[in-house]
Amino acid sequence: MMNLSRSAALISLFLLPLLSFSFSVDNPTDRRVLVLLDDLSLKSSHSIFFNTLKSRGFDLDFKLADDSKLALQRYGQYLYDGLIIFAPSTERFGGSLDSKSVADFVDSGRDLILSADTSASDLIRGIALECGVDFDEDSSAMVIDHSSFSVSDGDHTLIAADDLVKSDVILGKTKIEAPVLFRGVAHSLNPTNNLVLKVLSASPSAYSANPSSKLSSPPQLTGSAISLVSVMQARNNARVVISGSLQLFSDRLFRSGVQKAGSPNKYEKSGNEQFVTEVSKWVFHERGHLKAGSLVHHRVGETDEPAIYRIKDDLEFSVEILEWSGKSWEPYVADDVQVQFYMMSPYVLKTLSTDKKGMFHTSFKVPDVYGVFQFKVEYEKLGYTTLSLSKQIPVRPYRHNEYERFIPTAYPYYGACFTTMAGFFVFSFVYLYHK
Amino acid sequence: MGGKQDPTTANGSPKSEPTATKNTTPDLLNSFFSFKSLKLKTKQQELLLRVSILGLVYVLAFIARLFSVLRYESMIHEFDPYFNYRTTLFLTEKGFHEFWNWFDSESWYPLGRIIGGTLYPGLMVTAALIYWALRFLRFFVHIREVCVLTAPFFASNTTVVAYFFGKEIWDTGAGLVAAALIAICPGYISRSVAGSYDNEAVAIFALLLTFYLFVKAVKTGSLSWALGSAFGYFYMVSAWGGYVFIINLVPLYVLVMLITGRYSMRLYVAYNCMYILGMLLAMQIRFVGFQHVQSGEHMGAMGVFLLMQVFYFLDWVKYKLNDTKLFQTFLKITVTSAILVGGIALGVGTASGYISPWTGRFYSLLDPTYAKDHIPIIASVSEHQPTAWSSFMFDYHILLFLFPAGLYFCFKRLSDATIFIVMYGLTSLYFAGVMVRLILVATPAVCLISAIAVSATVKNLTSLLRTKQKVPQTGSTKGVGSSKSSSKVTLDQSQPFQKNGAIALLVGVFYLLSRYAIHCTWVTSEAYSSPSIVLAARGAHGNRIIFDDYREAYYWLRQNTPTDAKVMSWWDYGYQITAMGNRTVIVDNNTWNNTHIATVGRAMSSYEDEAYDIMRSLDVNYVLVVFGGVTGYSSDDINKFLWMVRIGGGVYPVIKEPDYLVNGEFRVDKGASPKMLNCLMYKLCYYRFGELVTEYGKPAGYDRARGVEIGNKDIKLEHLEEAYTTSNWIVRIYRVKPPTNRV
Chain E
1 MMNLSRSAAL ISLFLLPLLS FSFSVDNPTD RRVLVLLDDL SLKSSHSIFF NTLKSRGFDL
61 DFKLADDSKL ALQRYGQYLY DGLIIFAPST ERFGGSLDSK SVADFVDSGR DLILSADTSA
121 SDLIRGIALE CGVDFDEDSS AMVIDHSSFS VSDGDHTLIA ADDLVKSDVI LGKTKIEAPV
181 LFRGVAHSLN PTNNLVLKVL SASPSAYSAN PSSKLSSPPQ LTGSAISLVS VMQARNNARV
241 VISGSLQLFS DRLFRSGVQK AGSPNKYEKS GNEQFVTEVS KWVFHERGHL KAGSLVHHRV
301 GETDEPAIYR IKDDLEFSVE ILEWSGKSWE PYVADDVQVQ FYMMSPYVLK TLSTDKKGMF
361 HTSFKVPDVY GVFQFKVEYE KLGYTTLSLS KQIPVRPYRH NEYERFIPTA YPYYGACFTT
421 MAGFFVFSFV YLYHK
Chain S
1 MGGKQDPTTA NGSPKSEPTA TKNTTPDLLN SFFSFKSLKL KTKQQELLLR VSILGLVYVL
61 AFIARLFSVL RYESMIHEFD PYFNYRTTLF LTEKGFHEFW NWFDSESWYP LGRIIGGTLY
121 PGLMVTAALI YWALRFLRFF VHIREVCVLT APFFASNTTV VAYFFGKEIW DTGAGLVAAA
181 LIAICPGYIS RSVAGSYDNE AVAIFALLLT FYLFVKAVKT GSLSWALGSA FGYFYMVSAW
241 GGYVFIINLV PLYVLVMLIT GRYSMRLYVA YNCMYILGML LAMQIRFVGF QHVQSGEHMG
301 AMGVFLLMQV FYFLDWVKYK LNDTKLFQTF LKITVTSAIL VGGIALGVGT ASGYISPWTG
361 RFYSLLDPTY AKDHIPIIAS VSEHQPTAWS SFMFDYHILL FLFPAGLYFC FKRLSDATIF
421 IVMYGLTSLY FAGVMVRLIL VATPAVCLIS AIAVSATVKN LTSLLRTKQK VPQTGSTKGV
481 GSSKSSSKVT LDQSQPFQKN GAIALLVGVF YLLSRYAIHC TWVTSEAYSS PSIVLAARGA
541 HGNRIIFDDY REAYYWLRQN TPTDAKVMSW WDYGYQITAM GNRTVIVDNN TWNNTHIATV
601 GRAMSSYEDE AYDIMRSLDV NYVLVVFGGV TGYSSDDINK FLWMVRIGGG VYPVIKEPDY
661 LVNGEFRVDK GASPKMLNCL MYKLCYYRFG ELVTEYGKPA GYDRARGVEI GNKDIKLEHL
721 EEAYTTSNWI VRIYRVKPPT NRV
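As they're listed, the protein sequences go chains E and S.
Counting in UniProt numbering, the first sequence runs from 1 upward without gaps.
Counting in UniProt numbering, the second sequence runs from 1 upward without gaps.
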């Protein structure tokens with residue numbers, strides 16, 4: 001019985017990474033991505049984007065969105081590690097694919113790039129809604145900005161956006177100098193969802209409306225509430241990019257020069273290529289992916305992990321955190337990783353110090369409270385995978401023989417006790433035998 | 001059976017005499033036996049009879065409690081016994097030191113519980129000792145069997161103590177009757193059937209033993225009896241919180257003795273020795289600790305102890321002084337200053353917090369309405385309810401009117417011992433009226449006093465009969481009858497109906513006693529032998545149906561959930577889940593932390609969203625509810641629900657009882673309040689119940705426990721999912737889902 005369960009555990013240990021993690025540690029470059037297209041012409045019009053992906057080792061599988069043989073999984077196994085949906089107008093996917101199966105795909109820890117466009121279908125909107133993104137309900141509406149558009153075209157719907165999220169993890173270390181060109185539909189984020197965030201926001205002067213008709217009522221979405229490109233990192237660390245513009249990824253906008261209205265700077269090349277490449281690196285876990293080893297703790301001076309601590313024990317705590325660099329696991333270096341010693345509320349909150357080799361450690365004294373505690377490492381940093389580790393450990397009070405045997409302040413009492421006993425003995429003796 | 005033994009006690013010795021003397025027939029066998037009986041002197045015959053009766057009663061007390069094993073199986077009953085069983089198991093496996101220092105991280109998550117310091121270890125240690133003794137004697141029994149049979153074993157021992165106690169306060173006849181009465185008294189059996197492995201099982205034995213030894217000490221003035229009483233007290237303290245009754249009754253008795261002028265050196269020795277040594281011994285129990293000097297409930301005993309010293313001192317001064325006038329003034333000064341000093345000490349102690357005030361439980365004993373107004377958690381327990389008249393009748397039967405008769409006899413022959421038993425009987429009967437479960441404490445006293453009534457009556461009647469027979473036969477020369485009866489003979493010779501009257505009365509007594517025996521057997525087999533963890537019902541064809549859903553659910557938990565899973569349920573089921581399911585619980589029957597229980601009550605009475613946050617904060621993985629709507633099992637969570645609301649609302653005012661009531665009425669049908677229809681408890685109990693047809697001719701979703709069609713049949717769960725429902729739907733377990741991946 002014991003053996004069986006152990007071997008089963010071993011097997012599952014080997015199988016687990018294969019089955020459940022899209023992000024394969026052993027062979028991260030060989031990744032299969034399904035690309036769903038409205039029209040196969042997109043393959044050539046967006047070739048730069050696809051080629052950068054291929055050059056980074058992704059195995060792209062182009063399919064029409066209404067291909068009747070479409071399937072994400074076979075025999076319960078996912079066939080792909082990532083999904084790119086460039087089919088904004090598709091009303092129904094072919095095969096067994098629907099919005100629920102896309103959501104399940106994300107829930108299984110796999111990544112998604114979804115691009116809508118003007119007149120996005122309900123299907124695409126539905127998928128976006130599942131990820132906390134709300135596209136403008138007016139299907140003919142576009143983002144219009146009369147102050148930060150691209151001058152080259154003179155079209156106020158071609159936005160030159162430069163309000164990027166300040167995160168090296170998502171957008172890479174090299175700063176994106178040129179504005180990003182965007183033409184498409186606006187979306188807003190679900191305020192109750194704290195997993196989704198804007199990567200590229202519109203300027204305060206932008207609004208969402210139908211450019212070909214007169215505005216009869218104030219637009220629903222205005223200013224920086226409008227998000228142009230958003231990312232979502234699910235609780236299982238699946239990553240999703242949602243863009244309101246398919247053209248953002250196109251070769252044409254990649255190559256076109258840009259000058260933002262009212263700005264003297266003119267750029268030969270828009271920021272699109274850099275932006276899209278960096279975001280795709282992030283979404284496919286080439287950056288900002290952390291991995292933590294198990295939480296290790298033991299008493300000071302010991303190496304084995306105890307089953308229970310006593311109050312006021314001194315303990316050492318450590319955890320190894322590694323970061324995926326795109327090729328290998330590198331030590332993660334940061335000074336803001338914290339550990340909680342937690343029982344309903346944190347009794348100890350300590351910042352861990354790192355040895356720059358990936359090990360984070362600290363030592364502290366167990367509080368003078370017994371109960372079932374948890375070591376908790378809750379690390380949520382913009383762009384990085386969320387680390388949420390906890391390990392339960394009970395803390396017991398002193399045993400009956402762990403108290404001080406003789407307390408110096410109690411010596412008068414001991415003295416009183418023994419003198420009384422001696423006195424009683426002497427008294428009895430005298431009373432009984434002394435006439 | 002109890003009734004049939006009594007005549008033999010009374011008639012045994014005189015009857016055997018005539019058969020011995022008349023023996024002249026040549027029947028050899030017969031002559032051999034009569035020869036033997038001839039050899040035994042009357043006293044020896046009596047001893048033989050007494051011992052054999054006591055032996056029979058001893059066996060009877062044991063086997064009367066085995067109904068539950070025969071009807072069901074050898075199993076632990078109810079709720080608390082499961083905790084006791086679990087701790088006993090731990091004790092036998094890990095040894096005493098581990099047990100003493102046990103920090104249990106499986107209950108009261110995440111607070112944990114120091115088991116060693118929060119229980120009365122007497123029961124567990126007793127069972128473990130029996131277990132070890134049996135193993136030493138090469139009887140390899142399972143510890144469960146020992147636990148199951150501990151209560152009957154100690155009930156048997158109690159009968160022996162009752163015999164000696166009865167002998168002490170009245171005579172051997174009363175002792176035997178008391179032993180027989182207590183052996184089968186339902187009030188005692190209810191708490192001591194096989195499997196009811198609770199503290200009371202040994203505590204009643206300890207209680208009676210302490211009282212007996214104390215009475216003996218008062219009677220003899222012997223230090224050794226007082227010492228024995230102190231040890232009995234120590235055992236009682238180690239076994240049950242009811243020891244507070246002893247530490248208050250004994251001083252009260254002493255006080256009464258002082259007031260009635262029955263103060264004696266014997267009393268002084270007995271009380272002082274018992275109090276001081278008992279107190280020192282009791283302090284060794286971790287759970288009791290320094291309560292004897294620090295808690296308000298124990299201050300009475302200390303006050304009486306000090307008063308006694310003052311009394312003794314005054315006695316001594318009186319003896320030395322020889323001047324009544326001087327003594328009177330001295331008395332006044334001493335008494336006032338003693339009371340003043342005592343009062344100041346008590347006041348300072350209470351004000352500084354050194355002496356803790358009375359606990360709620362103690363208050364609720366003195367004032368039955370206290371708990372209802374102030375401590376819902378005490379009032380919510382069914383065994384803490386005030387006693388109904390019917391349950392007195394049910395538990396005492398004829399003892400209920402034998403008791404006043406016994407009191408009459410006690411007052412007629414007042415002694416130190418009878419004063420004690422009268423006080424014990426009256427105070428405990430009051431407490432029995434306050435709380436149902438304290439009937440148990442009153443039972444020994446009621447049995448003893450009733451035994452005095454029975455014994456005294458039967459003795460008087462039989463002596464009447466005997467003198468009538470003897471007078472014409474042997475004449476007045478020999479005077480076999482006692483002086484009392486011979487004096488009666490001279491008085492009553494003119495009344496021919498006396499003999500018939502006595503016979504009629506005797507028959508009446510035997511009839512009553514046999515009715516008592518029948519009633520006790522019936523009650524034991526029908527009412528008090530149900531383990532309550534396995535439910536039995538009568539089917540449509542009169543066949544017995546067993547609902548074993550509790551164990552089914554607990555074993556499911558044990559087999560199918562992660563070992564560190566946390567289960568949230570109402571506190572009633574906490575002990576059972578940890579003992580049988582081996583899973584961590586949030587709250588259990590050791591209701592030491594009201595806030596924690598209130599948090600669970602709040603979760604149960606909130607909407608699902610709010611409850612989900614509470615459950616997440618407590619790391620709850622599973623929620624367990626007990627539901628009787630399918631089987632008609634009435635003590636389920638819906639019927640307990642208002643107490644959850646009350647207890648939850650006592651700590652968190654956001655929970656308001658009127659929100660769950662409609663015009664002050666608790667309903668679950670269409671007319672129920674919207675909050676009731678959507679709170680977590682309702683949803684979990686009635687999830688998918690609307691699809692089920694429970695009874696022929698009734699609509700789907702007909703709740704058989706409450707006899708209504710439920711009001712919300714379309715229940716959708718968002719954060720929980722059904723994990724397991726037992727075959728009769730009595731226990732339903734839900735899994736708490738992790739937070740959604742994308743929101």
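Keep in mind that a hint or two might mislead.
To be verified - Simulated DEER-style distance windows between Cβ atoms: (1) Y433/E - W592/S: 53 to 59 Å; (2) T174/E - I114/S: 56 to 62 Å; (3) P386/S - R405/E: 48 to 54 Å; (4) R616/S - D104/E: 46 to 52 Å; (5) D609/S - S212/E: 42 to 48 Å; (6) E404/E - W592/S: 24 to 30 Å.
By construction, these hints were calculated from the structure, which means they are not laboratory data.
Keep in mind it's a predicted model, so treat the numbers as computed, not measured.
For every residue, glycine included, the Cβ atom is placed at its ideal position computed from N, Cα and C.
Each hint, compared with the structure:
no. : hint                        : result
1   : Y433/E - W592/S: 53 to 59 Å : 55 Å, holds
2   : T174/E - I114/S: 56 to 62 Å : 60 Å, holds
3   : P386/S - R405/E: 48 to 54 Å : 49 Å, holds
4   : R616/S - D104/E: 46 to 52 Å : 24 Å, violated
5   : D609/S - S212/E: 42 to 48 Å : 44 Å, holds
6   : E404/E - W592/S: 24 to 30 Å : 27 Å, holds
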